[in-house]
Each structure stands twice: as structure tokens, then as C-alpha cells.
Amino acid sequence: MSRTVGIIGYGAYIPRNRIKVEEIAKIWGADAPSYKKGLMLREKSVPSPDQDTITMAVEAAKNALKRCTINPEEIGAIYVGSESHPYAVKPSGTVVAEAIGATPSIHCADFEFACKAGSEAMFVAHGLVKAGLIKYGLGIGADTSQGAPGDALEYSASAGAAAFIFGENDLLAEIEETYSFMTDTPDFWRREHQFYPQHAGRFTGETAYFKHSLSAAMGIMEKSGTKPDDFDFAVFHQPNGKFPLRVGKTLGFPKEKIETGWLVPTLGNTYSGASPLGLTAVLDAAKPGNRILMVSYGSGAGSDAFIFKCTDKLIEVQNNAKLTRDYLDKNQKYLDYGTYSKYRKKIIKNA
Amino acid sequence: MGITARNWREYPQRYRLEAAKCSQCGKVFFPPRLICNQCKSRKFETIKLPGEGTVKTFTVIRVAPTNFIDEVPYAIGIIELLEGFSTMMQIADCDPEKISIGMKVKLEFRKIQSDGEAGVIMYGYKAVPVSE
Ligand SMILES: [Zn+2]
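These protein sequence lines map, in sequence, to chains A and B.
Under our numbering, think of the first position of the first sequence as 260, with each following residue one higher.
Under our numbering, think of the first position of the second sequence as 4, with each following residue one higher.
Excised from the complex, chain B in its bound form:
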């Protein structure tokens, strides 16, 4: 049940891409933090990350953890969503050989994994090439 509960607590980030923006210095945290590591402020505003970005770098997974073995080969990328802000996610729905740095992607709601055949399905965002 641990994974199900943690997934539920992270809905604002996983389902709605809600990030915390430091009210004092403007640094963006995803997932949110309690204290800004740049200026020590504790004041944040909730912002929604944009649904498009670019691939900063990526790697192709060929030997995957159990829940993902049917998906190999698949790509995990660092996606720049805002100027100076990036986050890591799977790059889905494409041939990994065709991914390139600087490629434009949009974020789509997808199944990330499930807690076994009978368990809860965990959803979230993956990057999808705007056109391959």
C-alpha cells in the first residue's frame, strides 16, 4: 500500500504539474519544498508548469525495472519546461533512436505504472514529441 498512498499524496504534482515558486527569489521547485535552498524563504506560490518544453538530454533504457520490462527500449529525458527549470520524465510514443537534444515535446497524461496486475494504476505526465 506504500506506493499507492505516496502516489495519492503527490497528485498535485503528478496530475496537475503544480510547482512551488519562491515568492522572494523566484526559484521554481518541483516537487515543492518547505524552504528555498537559494534564499531560505518559506513563502511560495503555486504555479502550474507549462505543457510544452524541449529535451535537454536523454538516455535510453534497455534493461528496465520489473514494472517497465515490456516497454524497453524507452527513453528518459531531462525536459526544460521553463527558462532555467527542468524536470525528468519518460519520453513516450516514439522511436528512441529519433529523439534528439533540443527536440520540442508536449506533455501528455499517461499511465506511469501499476501496482501489479490487481493494484492501483498510477498516472502522470510523459513527454511526447510534437512531431517525429
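This is chain A alone, in the form it adopts within the complex:
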């Protein structure tokens, strides 16, 4: 009989800088109201110049450690999923592990799979705990993604991180089921040495995001014998505001079950952090016994699905670290496009 494992600690991190859709649209002569309506997105987070995937991953991991009482040295694996690892060669996870005091008896790898690198990290970390190979596993999704100036992606590509510690005892949320759905679909890519990604326009919708998100969601419900009515919350990958609502509607999830983890209207698309951050916001608000469906999506393309069931212990630790909505809704600092360009190194200095 296989063991029951789940989340024993979770944490989020979102930078305080924001830029509004209007501020980007006015530079490119674009119509802000139609972008806001089309994307269902009003503003996005922007990292400070001294923040990257590693620094945000460390802060999210520290918050996850505040929600449990483990010795970080007992974490047996750390996986950081991102499409914006600061180094081309040299792992992000080594810095994170060192910073939280989890070295040196630990397995480490960085994951990449567009926006689902974070859920991959979660999947592998929990799997190793379930197999009995490690006591605790840490999976992190973090990104400081960029869209090319003037491209539709520039309005949504944002920054944030979410971290999850998996274990066998003192669970906050049990993992009841997992399922992954993947095909080779070239909807979005970035070749080596290219600064900004390319995407195949409308191709990114039906055959990519919707097909994989829906198939993963239906697959996990079939595998577990559940239906939308059995869930209190659902979190889907959120590249814009519309897509996750439409996936939810197609599956039969009312908007009320999606809104708690629907951060994108004021956060933007945090890529590898997107559905994981949505999950942290749900865990911040969930009650014992609540069941959560999470489905990530990464271009290329694939989706990882999880079913979580919250335990009595969850409500004891929710306030032990800063809540995701507090990062999102408080102390924001609004940037103009000039400052944003400087922060994101979009200004070329040919001295």
C-alpha cells in the first residue's frame, strides 16, 4: 500500500512593483480598454532590479518553512522550475538550498517546461517523498518573465514565486491524485541566445492551452472518480484572466470556485509561478475538508493536475507567513514605463 503524502508547508512571494496596462499601451499606441477587456487583466507585477528567480524562490521557500516546523537539513530534494533561471549554466536550486540551510545532503535540479516548470518541481518532489526516498521534498515555481516590447505578452508577463514542502506527517493538504497530459505542440518557444520568446499567435489557444488543460482536468477526475461538484476550489494556469475562467466554465466549475486562486487580473502571468501561486492563495483561504483541483499548463505542451484535500492543521498555519493576497493587494508601487524599462533592462546602453 502506497503512503499518503501531501503539502506540509507552502509560501508565496510577489514583488511590490506594478505597471498598469494603460501605461504600457500608451507607449505603443495600443488601445488600453480593449487589451484590458481582451486579457481580463488590469496590471502586472514587476521585479525590482535586484530581484530574480533565485531571490523570489528563497523568499517563497522561507515562507513555506514558517508554516511547518521541520529542520531544513532534512529536506532531501529541491527543484526550482522556471523559464528565467538567472544562469544559463549553474543551477538556481543550489543558491536556494544554501540560503535556507538545506545543504549538503540534498538532491537538486532545475526544471524547465515553459509555464509548467513549477508544477513539475512539485510533482517530482512529492513523488520522491511518496516513494520513500526522501523525508521532505521542496518544489518551487518562480519566474521573472519578459515579453518583447510592444508584444501582447508584454502586458501580462510578470514575476512571482511559490514554494511547497512535501512530507508524510503533519499534512496541511493531502495529495489524493495526480495526472499529467502532454503532447509535442509548438505553440511557444525561445531558442538559445534569444532574449524574448516567440509564440504562434492564435495557435496558443485551442490546440495548446485549452486542449491540455481540459484533458488533464478530465483525466484526473476520471482517474479519481470525481466530478466538479466534489471540489471547493479549482486553480488553472492563468496566462490571462479569460483562459482559466473559460476552462472552468467548460468543465462545469462556477466562477466562485475559481476566483480565490484567480490572481491574474492584478498579478499578470507569473509563468512557472502562476497556478502554484493560485494554489497558495487558495490554501490561505481554504478550510479543513476542502478539496482543490489544480491544473498547470506549459507550452510545448503539457499540463500537470493535482487533487488536494485540506486537513484540520491547515487553519493553524495559514497566518504564520505573509498571505498571498497581502503581497498582491497591499503596498504596491506603481511604475511608469521609463522606470519599468530600466528595471527590466530594456534600455540599451552602448557606451
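I should point out that these hints are in silico values taken from the structure, not numbers from a laboratory.
Some hints here could point you the wrong way.
Derived CB-CB ranges, DEER-like [claimed, not checked]:
#: 1; chain 1: B; residue 1: T49; chain 2: A; residue 2: D290; range: 57 to 67 Å
#: 2; chain 1: A; residue 1: A368; chain 2: B; residue 2: R36; range: 36 to 46 Å
#: 3; chain 1: B; residue 1: Y14; chain 2: A; residue 2: Y593; range: 31 to 41 Å
#: 4; chain 1: B; residue 1: C28; chain 2: A; residue 2: E281; range: 53 to 63 Å
#: 5; chain 1: B; residue 1: G54; chain 2: A; residue 2: K589; range: 15 to 25 Å
#: 6; chain 1: B; residue 1: A8; chain 2: A; residue 2: E332; range: 36 to 46 Å
#: 7; chain 1: B; residue 1: G119; chain 2: A; residue 2: F469; range: 38 to 48 Å
#: 8; chain 1: B; residue 1: N40; chain 2: A; residue 2: W448; range: 57 to 67 Å
#: 9; chain 1: A; residue 1: F469; chain 2: B; residue 2: I72; range: 42 to 52 Å
#: 10; chain 1: B; residue 1: G119; chain 2: A; residue 2: E333; range: 34 to 44 Å
#: 11; chain 1: B; residue 1: A8; chain 2: A; residue 2: P363; range: 30 to 40 Å
#: 12; chain 1: A; residue 1: K501; chain 2: B; residue 2: K51; range: 38 to 48 Å
#: 13; chain 1: B; residue 1: A8; chain 2: A; residue 2: E281; range: 25 to 35 Å
The C-beta atom is built at its ideal place from N, Cα and C for all residues, glycine as well.
Using the hints provided, position chain B with the ligand relative to the given structure of chain A.
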């Protein structure tokens, strides 16, 4: 390579805020020392500095060294982390004009500098206002 190696040796302090507390008189050293300058003891225990503190004093840098010119104006402060123990660090993510003595800050992991465009990135802690 000198800066990269030194940065690596200082990971316990830079990454984890590990300080040495004299086992005899209790004085805290950051970075650690071999001999306590107060009681001459050579016995220390490792403690982790807290992640929050208050600004004791600060100055605003407007003419910065090469690695920091894009950051001006920025503030460097003396941050009191424990009763009677302070250390110096950058105060980030805020308008320097809004910093005040006694202000509450939390410490966040940030990029401190990098060894040029192609070199190693050096990380550590900066103070960030709890709310501006
Ligand atoms: Zn002493």
C-alpha cells in the same frame, strides 16, 4: 576571481545571516571572529540573526561605485537587528526620501552585485520597509 571566492567563503553570513555569539559574555559578532574583543573568549555559538529590525541611521548614495551606478539614489543604513546589535546594509525597494530613523524593516534576499555582465551574481540580504 578574488571577489567570487570571497563571496563563496562568506555564504553562511551572506545567505543565512549566521552570526557568532560569545559563549562567555554574549556579545554578537557579524561576521564571526576568532576571539571576543570584550572578554577574550574563543568559544562561540552560531546564531541566526532575526529577519526584522529598525533603521538606526542611514545615508543616501547619489554618486555610486561602478557596480551600483544604475541604482542611485539608494540608501545604506545601520539596521538594529537585536538589542544592542546592528549591521550595515542597503535599504531597498523604497524612495530614500521616505526612510526615517526608527522605521521598521524586514530583510529580504536580493542580488547585491554581479562580477560584470558575465560574472557570478552575488546574493545577500537587504532591508526593505515593512510598509512605506
Ligand atoms: Zn565575550
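Right, here's what the structure says about each hint:
Distance hint check: the CB atoms of B/T49 and A/D290 are about 58 Å apart, consistent with the given range 57 to 67 Å. At about 38 Å, the beta-carbon gap between A/A368 and B/R36 stays in the expected band of 36 to 46 Å. Judged by the Cβ atoms, the range 31 to 41 Å given for B/Y14 and A/Y593 holds: they are separated by roughly 36 Å. Range check, B/C28 to A/E281: about 59 Å between beta-carbon atoms, so the 53 to 63 Å window is met.
Between B/G54 and A/K589 the Cβ separation comes to about 18 Å, which falls inside the hinted range of 15 to 25 Å. Between B/A8 and A/E332 the Cβ separation comes to about 25 Å, which falls outside the hinted range of 36 to 46 Å. Taken as a hint, the range 38 to 48 Å holds for the pair B/G119 and A/F469, whose Cβ atoms sit roughly 45 Å apart. Between B/N40 and A/W448, the C-beta spacing of about 59 Å keeps the proposed range 57 to 67 Å intact.
In this structure the supplied range 42 to 52 Å holds for A/F469 paired with B/I72, their Cβ-Cβ distance being about 47 Å. Checking the proposed 34 to 44 Å range against B/G119 and A/E333 shows it holds: the Cβ atoms sit about 38 Å from each other. For the hinted restraint 30 to 40 Å between B/A8 and A/P363, the CB-CB distance of approximately 19 Å leaves it violated. As the Cβ distance of A/K501 to B/K51 is approximately 45 Å, the hint placing it in 38 to 48 Å holds.
Take B/A8 and A/E281: their Cβ atoms lie about 48 Å apart, and the range 25 to 35 Å is violated.
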